[in-house]
Amino acid sequence: MIPILNASGCLDALTAPGIAQRLDAFVTKTVTPLPREGNPPPRIAETDAGMLNSIGLQNPGIEAFVRDNLPRLATLGVPVWVSVGGFSAADYADVCAQLDDYDDVATIELNLSCPNVEEAPETAAELVAAARQPTTKPLYAKLSPATWDIAESARAVAAAGADGLSLINTIRGLELDAVSRRPKLARGAGGYSGPALRPIALACVHACADAVDLPIVGMGGVASGADAHDFVAVGASSVALGTILFSDPQAPERIRAELGADEPAATDSLRGLGRESATAAKLSAD
Amino acid sequence: MNRAGDTVSLGGPEARRQLLHVVGTEPVGPYTLVRLDRGRLDPGVPGQFFMLEAPGRVLPRPMSLCRAPDCELAFLLDPIGPGTRALCALEPGQSIHVLGPLGNGFDLSVERPLLVAGGIGIAPMPYLAHALGGAPAILGFRSDRHAEAARLLPDAEVVVEPRLVTELLPEDPGDVLACGPEAMLDAVRARVPTAQLAWEAPMACGYGACYGCVVERDGRYVRLCIEGPVLQDAA
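Protein chains in written order, with my numbering: chain L, 9 to 294; chain X, -5 to 229.
Honestly, the hints are just simulated from the structure, not real lab data.
Some hints could be false.
A few chain L residues that face chain X, going by a derived Cβ cut-off under 8 Å, partial list only [claimed, not checked]:
| # | residue |
| --- | --- |
| 1 | Ile52 |
| 2 | Ala53 |
| 3 | Thr155 |
Keep in mind that this is a model prediction, so the values were computed, not measured.
Note that beta-carbon positions come from the ideal geometry of N, C-alpha and C, so glycine has one too.
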């Protein structure tokens, strides 16, 4: 069985609890130390093969989150993963320290790569190291595909104490209005997601699975059971749904049904297939 | 084929998502009326909306209901982009997924309704007029061709640019229910602060997941799909 999660930012369990309950774990939108109103609209734009978003980490801040949202999320009956963001290593440490007190937080996912806000000056590994100090919760590092060598990032965050990887975040993109030739999003560029991201995500999972021995949540254009199988074949142990949830809120049960025909052994036999064939291809080319 | 239940729990009243058959399409001036078999979807309150699967596109499109004849849901579309063009090109025999009804529609407990619409903002007005048992309407369009859509509301007063629909607003307009471009809604609100206004925004999901459709309200960003699309300032 392949666990199915949602990608952070792609579902609000307080507005649509029935959809969150169809998942094996619910991942929150990113929570930051202070409340954020987010970016000005327009915030989304469709492209031919995906979509752009520029939400800007709109969230109530960690204080209101643990007071108002977390108790309600705890009633969902599925494990709650909290996505954590910030603008410095101290921000990540601060939010993780506060979450560590709550049994209802199953896992912390560190959003190390939001393309829609100013980045923290520290490296991903430094942010993971800072977040590792105040908490014993499982820590997943969500990495950006916009890097020269994501396997190197994976090794660095693993050494800094990450317990797993979430691969991948959106990649920055821009779309223009066909008439005005101006950006469709108020802030210009945004995070690109959807079907176009899938080959990029598969390459990242493939590279990181070879580099580190950590569980990987694969995401980026997963829209079917076949897509989920692809991610498992390159080394993911679970998958997360993002853009597909917007067009098909029933995607969790549909994809589970598409996977359901398989025996567990059949899924197991997929593991590593995508990596083997690539290795073989590389050897024959050499 | 997914038969895993077609009801989507969104926390409030149940919206359904179902594959609906296309009954037919009709040109209305430059617009197209897309008629779908209703299936088991509720038509909802006028001003609520549905997410229509746009064939070949990544995201569905939010559309308010134009007409709700027996067994059908009919949407008036302006083919302005790849998604709306794909929807206008639908043919009988094809099917699309539809999710709805969603959001908050018009408050129908009004004593002296006046419907005000600009351009494709006429879309929810026929269903709204029907639900109100008839209501006077004023409509504005940018050309005579666009004004052909006024036939959907036969008794309406109509102006064409450069005249503006706000010129037809009477001194005492009563309870205004409006839909149209942002500039028109701003102008209507300036004249009639208590007007019920149906706004639109780019939307990815329609059910509160994406936070893409926010509008500023009382100094904060709120999701139009949840708080709206019909908004009314405090009386």
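Right, here's what the structure says about each hint:
1. Ile52: This hint holds: Ile52 (chain L) lies near chain X, its Cβ roughly 3 Å from the closest one there, short of 8 Å.
2. Ala53: For Ala53 (chain L), the interface hint holds, since the closest Cβ of chain X sits about 6 Å away, which is under 8 Å.
3. Thr155: Constraint on Thr155 (chain L) not satisfied, violated at 25 Å.
Hint 3 from the earlier list is the only one contradicted by this structure; the remaining hints agree with it.
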